[in-house]
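Protein chains: 4
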Amino acid sequence: MSNTKHTAKRAAKPQKVPEQSTSCPTKKAHHPERLKSEMIKRLHRIEGQVRGLSKMVEEDVYCDDILHQIMAVDSALGGVKKTLLKAHVEGCVVEQLRSGDAKVIDELMATMTKMMK
Amino acid sequence: MSNTKHTAKRAAKPQKVPEQSTSCPTKKAHHPERLKSEMIKRLHRIEGQVRGLSKMVEEDVYCDDILHQIMAVDSALGGVKKTLLKAHVEGCVVEQLRSGDAKVIDELMATMTKMMK
Amino acid sequence: MSNTKHTAKRAAKPQKVPEQSTSCPTKKAHHPERLKSEMIKRLHRIEGQVRGLSKMVEEDVYCDDILHQIMAVDSALGGVKKTLLKAHVEGCVVEQLRSGDAKVIDELMATMTKMMK
Amino acid sequence: MSNTKHTAKRAAKPQKVPEQSTSCPTKKAHHPERLKSEMIKRLHRIEGQVRGLSKMVEEDVYCDDILHQIMAVDSALGGVKKTLLKAHVEGCVVEQLRSGDAKVIDELMATMTKMMK
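These protein sequences, in sequence, are chains A, B, C and D.
Numbers in the working numbering are just positions in the first sequence, counted from 1, shifted up by 6.
Numbers in the working numbering are just positions in the second sequence, counted from 1, shifted up by 6.
Numbers in the working numbering are just positions in the third sequence, counted from 1, shifted up by 6.
Numbers in the working numbering are just positions in the fourth sequence, counted from 1, shifted up by 6.
Check each hint, because a few of them may be wrong.
As the list makes no split between identical chains, a pair holds if one copy fits it or if it spans any two.
Claimed, not checked - Derived DMTMM-like pairs (lysine to aspartate or glutamate); straight-line CA-CA distance at most 25 Å:
1) LYS123 x GLU65
2) LYS87 x GLU39
3) LYS42 x ASP80
4) LYS123 x GLU44
Derived from the structure by calculation, the hints contain no laboratory data.
Treat the numbers as computed from the prediction; the structure is a model and nothing was measured.
Kindly generate the complete structure, drawing on both the sequences and the hints.
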């Protein structure tokens with residue numbers, strides 16, 4: 007699964023930056039706990055909505071109703087995406103820029119360009 | 007949960023159209039089994055991806071990586087949406103139009119307009 | 007220019023369907039005059055907005071303001087797209103389906119899938 | 007027209023930052039000439055494409071062809087939007103952040119959130 011891949015990739019890196027495990031150059035996020043738990047809560051709700059979609063297909067619910075429910079999931083996921091992007095820009099991006107690392111801008115632009123497709 | 011609502015709404019209707027439970031006027035979907043199981047399989051995979059997202063947030067995976075993974079989920083969900091829309095138009099919409107019910111066009115246009123936002 | 011290409015392509019076809027120049031199988035649109043003139047009016051306004059964008063760039067208007075103005079143009083163009091799609095589905099698509107031509111559904115699905123990207 | 011409005015709004019501000027008319031705090035863009043002329047060229051082409059759309063509607067070109075041409079315009083305008091956003095972030099945003107003005111991040115997030123809708 008993709009998260010395993012990401013986790014593994016990240017898990018292999020810490021030795022490169024041993025001391026300051028909460029700063030951005032380690033490429034680890036460090037959001038306030040409140041934000042993290044809010045995002046996790048929203049993702050759990052979305053997970054339940056996706057499970058609901060499977061059930062709707064299983065039970066032959068009318069397609070137009072399922073399409074509307076898929077749009078609701080899209081929208082909920084879009085909300086998480088915006089929240090995370092905001093936290094990323096306000097946190098990591100600003101921080102890396104201040105520490106003189108301008109590469110983060112290329113990374114951000116690549117991500118935003120992909121998002122605007 | 008939304009699917010319960012939908013299921014309940016639909017479950018209450020069958021008595022209106024007792025005989026032909028597989029035709030569109032009952033507002034029940036009737037996709038071929040192969041399509042249904044393919045969509046359910048894809049939705050289960052998406053459910054796992056969303057669960058993976060929670061774990062990524064939990065484990066402080068770097069935001070930019072999570073953003074890319076959210077886009078992967080968006081895209082997978084978009085694929086299901088297109089497949090379902092296609093099945094809906096080719097099945098229910100064409101069928102209802104042939105049986106003289108033009109209201110399905112208003113319904114379709116409302117859904118498509120919402121999708122294009 | 008792209009419109010020339012389209013016009014040319016269409017201009018070359020009329021001889022194939024000489025009699026019924028206002029029906030869909032000729033692949034000519036035949037919207038009511040009111041709808042046509044409304045769409046043309048909106049497109050002229052959009053043309054002016056795009057001309058305005060060039061001027062904004064020329065005069066070094068602050069980028070964020072130009073970005074918002076581009077979004078306004080996007081939205082105006084999106085309005086024309088929805089209006090046209092609605093007219094197309096309610097007119098040509100329904101008509102071709104009634105005359106037994108189901109190929110229009112493939113064409114519509116290809117267009118809608120591209121729109122949903 | 008909107009660009010007049012924007013120009014006017016900006017034109018009224020210069021007295022606040024009299025000396026350094028090419029830096030970001032004046033809220034004037036200052037893109038390299040090459041980028042400006044490239045964007046203006048692309049906007050002129052888009053203006054011609056929109057004019058072409060009016061002609062297509064006027065000449066009853068088949069709707070599906072017009073819809074595809076509208077998508078081509080969408081895509082061309084999207085290209086200008088991405089180019090401008092990139093120039094904005096790499097130029098003004100980075101510059102304002104370095105000069106200690108963090109408000110530009112709120113402005114950027116508001117714009118990006120609107121773009122992602």
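Consistency of the hints with the structure:
1. LYS123 x GLU65: Neither: 33 Å inside a copy, 28 Å across copies.
2. LYS87 x GLU39: within (17 Å within a copy, 34 Å between copies)
3. LYS42 x ASP80: Close inside one copy (20 Å) and across copies (21 Å); limit 25 Å.
4. LYS123 x GLU44: Classified as between: cross-chain Cα gap 21 Å, same-chain 27 Å, threshold 25 Å.
In summary, the structure is inconsistent with hint 1 from the numbered list given earlier, while agreeing with all the others.
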